[in-house]
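2 protein chains.
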Amino acid sequence: MKKLINSPESVVTDALTGMAEAHPGLLRVDLENKIIYRRQCPTPGKVGLVSGGGSGHEPLHAGFVGYGMLDAACPGEIFTSPVPDQVAEATRAVEGGAGVLYVVKNYTGDVLNFDMAAELCAEDGVEVATVLVNDDVAVKDSLFTAGRRGTGATVFVEKIAGALAEAGAPLAKVARIGEEVNARSRSFGVALAACTVPAAGKPTFDLSDHEVELGIGIHGEPGRTRAPAAPAADIARLALDAIHADRPLSGGNLVMVNGTGATPLAELYIVFAEVAAYMREKGAEPVRALVGNYVTSLDMQGFSITVCTLNDELTRLWDAPVETPALRWGR
Amino acid sequence: MKKLINSPESVVTDALTGMAEAHPGLLRVDLENKIIYRRQCPTPGKVGLVSGGGSGHEPLHAGFVGYGMLDAACPGEIFTSPVPDQVAEATRAVEGGAGVLYVVKNYTGDVLNFDMAAELCAEDGVEVATVLVNDDVAVKDSLFTAGRRGTGATVFVEKIAGALAEAGAPLAKVARIGEEVNARSRSFGVALAACTVPAAGKPTFDLSDHEVELGIGIHGEPGRTRAPAAPAADIARLALDAIHADRPLSGGNLVMVNGTGATPLAELYIVFAEVAAYMREKGAEPVRALVGNYVTSLDMQGFSITVCTLNDELTRLWDAPVETPALRWGR
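Just so you know, the sequences run in chain order A and B.
The working numbering numbers the first residue of the first sequence as 1 and each following residue consecutively.
The working numbering numbers the first residue of the second sequence as 1001 and each following residue consecutively.
Be a bit skeptical, because a hint or two may be false.
Claimed, not checked - Ranges between beta-carbon positions, derived for each pair:
#	chain 1	residue 1	chain 2	residue 2	range
1	B	G1251	A	P228	34 to 44 Å
2	B	S1208	A	A200	19 to 29 Å
3	B	D1246	A	E313	45 to 55 Å
4	B	P1228	A	A199	41 to 51 Å
What the hints assert, rightly or not - Here are the simulated DSS-like pairs of lysine-lysine, each with C-alpha atoms no more than 30 Å apart in a straight line:
#	chain 1	residue 1	chain 2	residue 2
5	B	K1202	A	K2
6	A	K202	B	K1202
7	A	K202	B	K1002
Worth flagging that the hints you see were computed from the coordinates, not collected in a lab.
C-beta atoms are modelled at their ideal positions from N, C-alpha and C, and glycine is treated no differently.
All chains, please: the whole structure from these sequences, using the hints.
This is the structure we're talking about:
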C-alpha cells in the first residue's frame, strides 16, 4: 500500500489542517473537536445545517460547508461515525435561534450518534430535526445499515435544504424539503476495484480483472451481485435499470455521475452520455448535472449514479447561489 | 485492465458526448472536429482563447472552456497532440475581430501543431499569438519535450489571460500577461503509481510498492529520480525543495495541489497543509488555493504542486468571475 499520508492515525487531522489552510475565506476548522465550520456562523435567524459521517468520502461532507449549504460538518475517522459530543458541539455552535437540521446518511452508527447528539442538545433547549438519507436502491439491510443506505442524494439534500435555510425558511420547512429531495432521489453504485483503508493497508475486497461489483456500498460493502466487466454503456444501463425499476424515471432530473475516487473524469462523462440517452428512452430528461468526485470511497475505482426528479421549487433551490470548497456558483 | 469505457477507440468522442449532455448551458461540442466551444462564441471584439493537447488530463482543457477562460479546447487522442486542422478550425470559429491567443503546453507535438494552425490561420488574416507554458522544473529535455514541460501552470495562464481577455484587453496584452504568469510559475510532480492508457492496456511504467517517482511527467515520462516511499510531508518537501531551488518562494502565492487522477482528495489536503507550512518557513504565503484534480494523467496515483507568485493585478484577474465546468465562481 502506498498512500500520500503522514500516518494512518493522523489522516483526518492532517487533511482538516490542509482544508483550513486552503479555504480560510470559506471555512474555520476546530481541529480539537474535528469540526469544519462555515467562516461566519451562526447566522442569526437562520436554520443551521449540520452533517457528518465517516471520513474517506471527500469532498462529502466538509467540502460542502459554506454559504448556501452546510454550517458545519463532523467527520469521523475513516469510515467511522462521528461521536455524539462532536455533533452536539457543532450543533450548539451553529444554532442561530431557528433550530438545527441534521442531514444523516442511513448507517446505524451515524443514526445512533446523531440521535444522541440531538438529545444532548434538546437538554440545552436547541431544537433539532433530522433528514435521513436512504437513496441507495441496491440493497435493503446491509453491513452497517438497517434499511437502505444513504449515498449520493446527500449532496442534493444538503444543497437544496441549505438554499431554503439561506432564504430564511423555518426548521419544519427546511426539514420537509430535505425529505422531499430524498424521496425523489435514487442511487446505484458500481465498483471496478476496491479501496484501501490506510489503517488496514490492503484492499477491502477482491475483485478479479474480469468482474465488477454491482450495487457496491460507499465503504465497500457488498452489492447485489458481481457481473462480468463490460463496456461502460452496458454497466451504466445495469445501474439505471435498478434505479428505474425502483422509481420510474420521468420529467426533468438532477443527475449526478459520481466518481468513487480513482476514476478518470473522462470515464464519468462517458457514463453520463449513456445516462442521458437512457433517460430519454424512458421519457425523462437530465436538466441539471454534476459529473465528478463528490461522494468518494477513498481510492475505489468505480462510479455511482444518483437521479432526483425535480420540480420548479427544487430547481430554483438547486440553482441558488452556493459557495463551498466543492460546489460553488452564482454568487 | 478495467476501464469504464466503451472501446479504446471511442474514449474521446464518448467523453465529449457526455460533456455536451452535462453542460449544455456552458458548452457546445463539435463532435466531428472534436472541439469544445464556449456556448456563445465568438464574442465580438474579445480576444479568443484556444488551448488543447492530448486527452487524458481532464478537466484540462475542455473543463476550462466557458466565460472568463477558454473559448475553445482541442483535445487529441489520449496523450496525443491535436491536429493542425482541428486547431485552425477552432481558431476561425472563436475569432471575434481581436485575434486569438493559443495556450500551448511545451511538448514537441503540441508546439508544432499549434504553430502550423497559426500559419494556416494567418493565411486567412487571423492574428494569432501563443503563450508557451513550461513550468515543470523537474527536467530539461524529456521524452516528447525540448526544454521544460508544461503542466499545472496551464490552468493559471488560461484563467488569468482569460479574465484579461474578458475585460477587453488587446491580444498583445493578453499574451503578455499569460507569459508573465508562466514566468512566475513553477511545478513539480510525484507519482506513487503509474497510469494505464486504454489502448495499451497496461501501466505505463513499473514502480515498486516501496518507491515513488519524483518529477514525473503528466504522461508518465520519467522524472528526476526514484525515492523511497515516505510520509506525505517528506515527499511534499522534496517537491517544494525543487521548486524553491529554481525560483525562491516569496510573497503571496497562488498554489495548486493537483491530483493526478487516482489520489483521494483528503490526501491532497494533507499535502496542502505541508505546502503552507513550508512556504511560511521561506517567508512566503499561500493566498489563493486550488486543491483537487485539475491536470490529471488518467488514473495515475500522485500529485503535483504548482506555485505562482501573485501581484495585485494577477490576484484581481484570478478572482474575476469564471464559469466553466471545472472552475466556477463569482458570477
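Going down the list of hints, with the structure as the test:
no.	hint	verdict
1	G1251(B) <-> P228(A): 34 to 44 Å	violated (56 Å)
2	S1208(B) <-> A200(A): 19 to 29 Å	holds (21 Å)
3	D1246(B) <-> E313(A): 45 to 55 Å	holds (54 Å)
4	P1228(B) <-> A199(A): 41 to 51 Å	violated (21 Å)
5	K1202(B) <-> K2(A)	holds (19 Å)
6	K202(A) <-> K1202(B)	holds (21 Å)
7	K202(A) <-> K1002(B)	holds (19 Å)
Comparing the model with each numbered hint stated earlier shows that hints 1 and 4 do not hold.
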